[in-house]
Structure formats: C-alpha cells, structure tokens
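Protein chains: 2
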Amino acid sequence: MKTNHCKIIDCTIRDGGLVNQWDFSIEFVQDLYAALNDAGVDYMEVGYKNSPKLLGGADQAGPWRFLNDDFLRKVIPQKGTTKLSALVDIGRVDEADILPRSESMLDLIRVACYIKDVDKAIELIEMFNERGYETTLNIMALSNVLETDLNEAFEMIKASPVDIVYIVDSYGSLDHNDMLYLVNKFKEALPNKRLGVHTHNNMQLAFSNTLIAAENGVEVLDSSVYGMGRGAGNCPTEALLTHLKNSKYSLRHVLPFLTKHMIPMRDKWEWGYLIPYLITGTLDEHPRSAMALLASSERDEFSAFYDRMMTPEAGFAQKKPE
Amino acid sequence: MKTNHCKIIDCTIRDGGLVNQWDFSIEFVQDLYAALNDAGVDYMEVGYKNSPKLLGGADQAGPWRFLNDDFLRKVIPQKGTTKLSALVDIGRVDEADILPRSESMLDLIRVACYIKDVDKAIELIEMFNERGYETTLNIMALSNVLETDLNEAFEMIKASPVDIVYIVDSYGSLDHNDMLYLVNKFKEALPNKRLGVHTHNNMQLAFSNTLIAAENGVEVLDSSVYGMGRGAGNCPTEALLTHLKNSKYSLRHVLPFLTKHMIPMRDKWEWGYLIPYLITGTLDEHPRSAMALLASSERDEFSAFYDRMMTPEAGFAQKKPE
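Residue numbers (this note's numbering), protein chains in the order written: chain A, 103 to 424; chain B, 103 to 424.
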C-alpha cells in the first residue's frame with residue numbers, strides 16, 4: 103500500500119467534543135498533544151475557532167469550542183512537531199479574532215460548510231490564506247449533494263487559494279464504492295488541489311473507507327483516538343497508526359493515553375456503533391434523530407424508530423397556534 | 103453492487119457461544135430462528151455438532167455445543183425457509199451421531215480445521231456428503247498459512263466433494279487488499295468450488311472485508327447478530343441485511359430481536375472492538391492473549407500488553423519440576 107504520502111489529523115477534541123460538550127480537562131488535551139507528537143501524528147485539531155459573540159453559549163461549552171490563542175499558549179507552552187488545527191463554521195467567525203499565523207498557535211484552519219455556502223467558505227479561506235494559514239474546505243453531507251451543485255462548487259474551489267478539499271461522509275452512509283467514486287470525481291475535477299477525507303462509523307466502515315481513500319490518492323486523513331466523535335464516531339487514530347505504512351507512525355505511543363483517558367471517557371460518554379446509527383447511516387440521514395432516540399427512555403426501541411424514519415408522512419400536523 | 107447471488111449464514115449461536123459459553127435460552131434461539139426467517143437469512147448455524155464423549159464438558163456447556171437432533175426438533179418444531187447448519191471440529195465427531203440428512207434437522211455441516219488437517223477434514227466431508235448434507239470446509243487462520251501448504255491443500259480440496267470452501271480471517275488481521283488477494287487466489291485454484299467468507303472485527307474491517315469478498319465472487323457470507331462472536335466479533339448480520347442488494351433481505355425484521363435479546367446480552371457479555379483485539383489483529387496473532395488480558399484485572403494496561411506481544415524472548419524459564 104502506497105500511503106507514505108498521507109498525513110493524519112486527529113480530531114478527538116473537535117469532533118469528540120460533540121459527544122461530551124467539550125468537557126475535556128487541560129490535562130487531557132496536554133496528554134493528547136504529547137501522545138500525538140510521540141506517535142508521529144501530523145496535526146491535532148484542538149477545537150473550533152468560532153466567535154462566542156456570533157454563536158453564543160461560550161459559558162456552557164468548554165474553551166475548546168471558542169479557541170483563544172492566549173489560552174492555547176498556556177495549554178501548549180512548547181509546540182512539538184504535531185501542528186495545530188481548528189475548525190470554523192460559516193457565519194460564526196469574527197475576523198478580528200484571527201491573528202496572523204506568525205503570531206498564532208494554529209497552523210491550519212479548516213472551514214466546514216454545506217454545499218450551498220461554498221462561496222462564503224471560500225471568502226473565509228481567502229482571509230485565512232492571506233494571514234498565512236494552511237486551509238481546508240470541508241463540504242459536509244456530500245452523500246446528499248446533487249452532482250450539478252457539486253460541479254458548480256468545483257469551479258469556485260478550483261480558482262480559490264484553498265490547499266486541501268475534503269470528502270466528508272457526515273452521515274456515515276458511504277461504502278467503499280461510493281468513496282472510490284467520490285475520490286475519483288474530486289481528483290478529476292480538482293487536479294490542482296490536495297484531498298482529505300473525514301468518515302463516520304455508522305456502518306462500521308469509517309476505517310475501511312479511510313484506507314480506500316488513502317490508497318486512491320487522498321492525502322489527509324481525519325481520525326480520532328478510540329474513534330471518539332459525534333454519533334457512531336470516526337476512524338480510530340490508533341488503527342491508522344498501526345496500519346499505514348509509514349515508519350514515523352507508532353501505535354505504541356498512543357496506548358498509555360488510551361488507558362489513562364479514553365477508557366474512563368468511554369465509561370462516562372457514549373459513541374460508536376449502535377443500531378440507531380446504523381439505521382440513519384443506511385438511510386443516508388443526519389444522525390440527530392438517532393442521537394435524540396438514544397438520549398430518551400426509548401433508546402432501544404429500534405423497530406419503532408425505524409418505522410418512523412421510513413414513514414414519509416410522519417411528523418406533526420401543522421396547526422397554527424391560537 | 104452485484105450481490106444478489108450471496109447467501110448469509112448467521113453464526114450467532116455458534117460463534118457467539120464462544121463469548122457466553124453457549125448460555126443461550128431456548129427462547130433466544132427460537133426467537134432468533136423466527137427473526138432470521140422473517141429477515142430472509144439463508145442459514146442459521148445453531149451450534150457445534152461435536153460429540154461430548156470425544157470432547158468432554160457437555161455438562162458445563164449448553165446443548166448448542168453438542169447438538170442433538172431430538173433436542174433440536176423440540177426447539178424448532180416447524181422449519182421455515184432458513185436452513186440449519188452446524189460446525190464440527192476435526193477429531194471431535196462421532197460418526198454414529200450423524201443421521202442421514204433425510205432424518206436430520208440439519209441441512210449443512212461445516213468442517214473447521216487448520217491447514218495441516220485438511221486431509222482429515224476432507225474425510226469427514228466425504229462422510230457428510232454421502233449422508234446427503236451440504237458441506238463447507240473452513241480453513242482457519244489463513245493469514246498464518248504458507249502458500250506452499252495452501253497450494254497442496256487446494257489439490258486435495260479440488261478433488262473432494264466439498265460444496266463451499268471458506269476464507270476464514272480467524273485473527274481479524276486482513277485488510278481489503280489481503281482479502282482481495284485471497285479471494286482471487288481461491289477462485290483461481292478452485293474453479294469448481296463455491297466460496298465463503300468468515301471475518302473478525304479486530305480492526306473494524308469485518309463488514310468491509312465481507313463486502314469486498316461478496317463483490318469479488320464469494321457467495322456465502324458469515325455474520326452474526328450485533329456482531330456477537332469471539333473476541334472482537336463478526337460481521338454484523340443487520341449490516342449485511344440492509345446493505346446487500348437483495349429484495350428478500352430485511353433489516354426491519356431483526357430489529358425486535360436486537361431490542362429484546364441483544365441489548366441485554368451485550369450488557370452481560372463483552373465482545374466487539376477493544377484495543378487488545380486491535381493489537382492481536384494488527385500483529386496477526388490468535389486473540390487468546392487479548393481475551394486473557396481482558397478477563398484479568400489488568401484489562402486496560404494496553405502498553406504492557408503490547409510490549410509483551412512485541413518481545414520475542416518473553417515467556418517463562420523452562421525449569422523442570424523437581
């Protein structure tokens with residue numbers, strides 16, 4: 103397998119934060135950064151760089167949702183070889199919060215958007231690019247995108263300064279054929295861009311789809327330790343570390359972190375393969391309905407859930423309030 | 103995907119029995135048989151047809167380890183369209199226990215063996231074949247087999263009456279490239295045989311490897327409900343039912359069984375992706391050392407376990423007893 107060209111972005115803090123509402127201790131983040139450095143992981147995504155005044159809720163969520171350079175400098179006083187990354191959402195970034203890269207702890211800023219907002223994402227990317235950051239564009243929910251809309255987006259992306267364009271399987275609904283199809287489509291449409299992949303494990307295909315993408319030319323692979331990520335979780339960092347043919351990667355160096363932090367974390371919070379996630383994955387739906395079910399007292403009522411998901415007329419009568 | 107040719111063998115009782123020492127109630131097995139019928143599953147493996155006098159331990163293990171036709175007839179008084187299968191091990195079968203198929207509840211008998219015992223397996227298969235059963239030969243631990251031994255086995259298998267030859271990833275150590283390699287090798291060497299696949303989920307690749315095999319001509323796919331099987335478990339039946347393009351398969355019809363039986367079962371017994379299984383999988387080792395670790399008080403000491411597995415000189419000094 104020719105995968106020496108790949109780079110790993112560990113998203114535990116960012117995507118895993120969707121599981122535990124960013125309830126990560128500073129020690130957890132420091133230990134993870136040390137482990138990822140030792141294991142040879144290329145990037146660590148330390149959270150979201152959204153602006154609290156544009157999103158609200160800064161009080162409820164931990165600092166990892168609203169990354170602040172001063173804070174980050176205290177958490178990671180000494181940077182190693184693992185670069186730092188943050189994700190931003192369209193409409194939630196205040197330009198005034200973004201330092202030039204030379205003054206920032208961050209190396210890479212990733213912009214996540216739905217297909218209809220690719221123009222807005224590119225505007226942000228241009229700003230980050232001017233300030234010296236590496237950039238990625240992560241088009242979410244690709245499995246729900248019409249090809250005509252995607253082709254239109256490709257034209258804009260090709261002309262933009264973005265470094266890496268992501269194939270994001272937000273719903274965990276892609277199999278290896280779908281992945282191969284998208285990789286080839288992206289490669290053909292964007293010959294001047296590098297590609298990345300972000301998978302979800304609803305159908306137990308996150309790791310496999312990531313390997314298929316890597317083998318077919320995708321260079322940047324998202325993962326998280328013990329697969330911790332929204333819903334069914336992500337491709338496990340530890341699986342990539344042991345499987346990719348790259349002598350700098352080491353499974354051994356993330357094992358103490360798994361023992362110390364991830365086993366207690368998994369005791370407290372839930373992610374990974376569960377039947378409701380299989381159902382939303384196979385139906386190519388956002389996992390939010392599965393997450394709501396799992397948080398309710400009917401969490402194991404799979405048949406009723408499936409029937410609701412399969413009933414087009416299900417919903418609420420639209421009576422106006424009196 | 104052209105997978106309409108595939109058949110599913112649900113191994114929950116047989117391989118899952120390795121998790122809970124065959125502690126399945128009669129109601130569990132009856133409900134599973136009904137669910138598999140409704141869901142369109144082709145075969146249900148109801149256990150082992152080993153002979154208690156050749157293996158011992160019949161008192162400790164449930165009846166599913168030593169299947170008896172009279173008992174089976176009481177459990178399943180009315181057979182549906184789902185056929186019944188049993189596994190036997192070399193040296194543990196008493197010919198006198200094997201009824202002709204016309205008098206038996208079983209349709210399919212599968213013989214599992216290591217490569218060195220293929221001759222003995224074929225002898226058994228000839229007997230089962232004469233008595234009217236469909237047969238499979240399951241060569242275990244293929245990832246540890248020398249090609250020269252495999253080629254020798256192929257010659258014997260080609261001349262035998264066995265119907266289906268299995269690719270068995272006992273250690274959960276194969277990725278999609280390994281699987282494709284083996285499938286092509288088996289297809290080329292055994293043009294007169296149908297092929298089957300049995301996977302383990304140590305690296306979260308069981309479902310993916312099964313799909314890769316199916317897509318490349320393997321016809322018979324092993325799985326178990328909620329993936330219940332030894333160690334990291336198997337390819338989940340429910341994932342195959344929803345993903346294979348075959349109108350007779352129905353995910354919906356196994357959901358009540360999952361709710362009623364598998365959620366309580368998983369609360370009581372442990373199987374599935376765990377770090378020690380990833381370690382034995384990636385090292386291409388039998389999972390028994392991982393199972394021993396997980397049953398001990400050091401179950402989460404992953405680094406020490408990894409170091410032991412990586413140390414060729416580890417072991418015990420061989421002092422003779424005085």
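The hints are simulated quantities; they were obtained by calculation from the structure and are not laboratory data.
One should not assume that every hint holds.
Claimed, not checked - Over the 12 Å line for every Cβ pair with chain B, so calculated as not near, a few chain A residues: (1) Asp125; (2) Ile128; (3) Gly164; (4) Thr183; (5) Ser206; (6) Lys222; (7) Asn231; (8) Asn246; (9) Leu248; (10) Met258; (11) Glu340; (12) Ala341; (13) Met364; (14) Ile381; (15) Gly383; (16) Arg401.
Claimed, not checked - Pulled a few chain A residues facing chain B out of the computed Cβ check, cut under 8 Å: (17) Ile192; (18) Gly193; (19) Leu252; (20) Phe256; (21) Asp277; (22) Asp280; (23) Leu282; (24) Lys295; (25) Met305; (26) Leu313; (27) Leu360; (28) Thr361; (29) Ala397; (30) Ser398; (31) Ser399; (32) Glu403.
Ideal Cβ positions, reconstructed from N, Cα and C, are used throughout, including at glycine.
Comparing the hints with the structure gives:
1. Asp125: Non-interface label on Asp125(A) holds, nearest chain B Cβ at 21 Å vs cutoff 12 Å.
2. Ile128: For Ile128(A), whose nearest Cβ neighbour in chain B is about 23 Å away, the distance exceeds 12 Å, so it holds.
3. Gly164: holds (25 Å)
4. Thr183: holds (21 Å)
5. Ser206: Holds, because the least Cβ-Cβ distance between Ser206(A) and chain B comes to about 34 Å, which exceeds 12 Å.
6. Lys222: About 35 Å separates Lys222(A) from the closest Cβ of chain B, which puts it past 12 Å; holds.
7. Asn231: It holds; Asn231(A) is separated from chain B by about 36 Å at its closest Cβ, greater than 12 Å.
8. Asn246: holds (18 Å)
9. Leu248: At roughly 22 Å from the nearest Cβ of chain B, Leu248(A) sits farther out than 12 Å, so the non-interface label holds.
10. Met258: holds (33 Å)
11. Glu340: violated (6 Å)
12. Ala341: violated (6 Å)
13. Met364: violated (9 Å)
14. Ile381: violated (8 Å)
15. Gly383: Given a closest Cβ separation of 9 Å, the condition is violated.
16. Arg401: violated (9 Å)
17. Ile192: This hint is violated: Ile192(A) lies away from chain B, its Cβ roughly 32 Å from the closest one there, beyond 8 Å.
18. Gly193: violated (35 Å)
19. Leu252: Because about 22 Å separates Leu252(A) from the closest Cβ in chain B, which is outside the 8 Å limit, the hint is violated.
20. Phe256: With a minimum Cβ separation of about 27 Å from chain B (threshold 8 Å), the hint on Phe256(A) is violated.
21. Asp277: With a minimum Cβ separation of about 6 Å from chain B (threshold 8 Å), the hint on Asp277(A) holds.
22. Asp280: violated (10 Å)
23. Leu282: violated (11 Å)
24. Lys295: Where the cut-off is 8 Å and the nearest Cβ of chain B is about 26 Å from Lys295(A), the hint is violated.
25. Met305: holds (6 Å)
26. Leu313: holds (6 Å)
27. Leu360: Holds. Min distance 6 Å.
28. Thr361: holds (5 Å)
29. Ala397: violated (16 Å)
30. Ser398: violated (14 Å)
31. Ser399: Check failed: Cβ of Ser399(A) comes no nearer than 13 Å to chain B, outside 8 Å.
32. Glu403: holds (6 Å)
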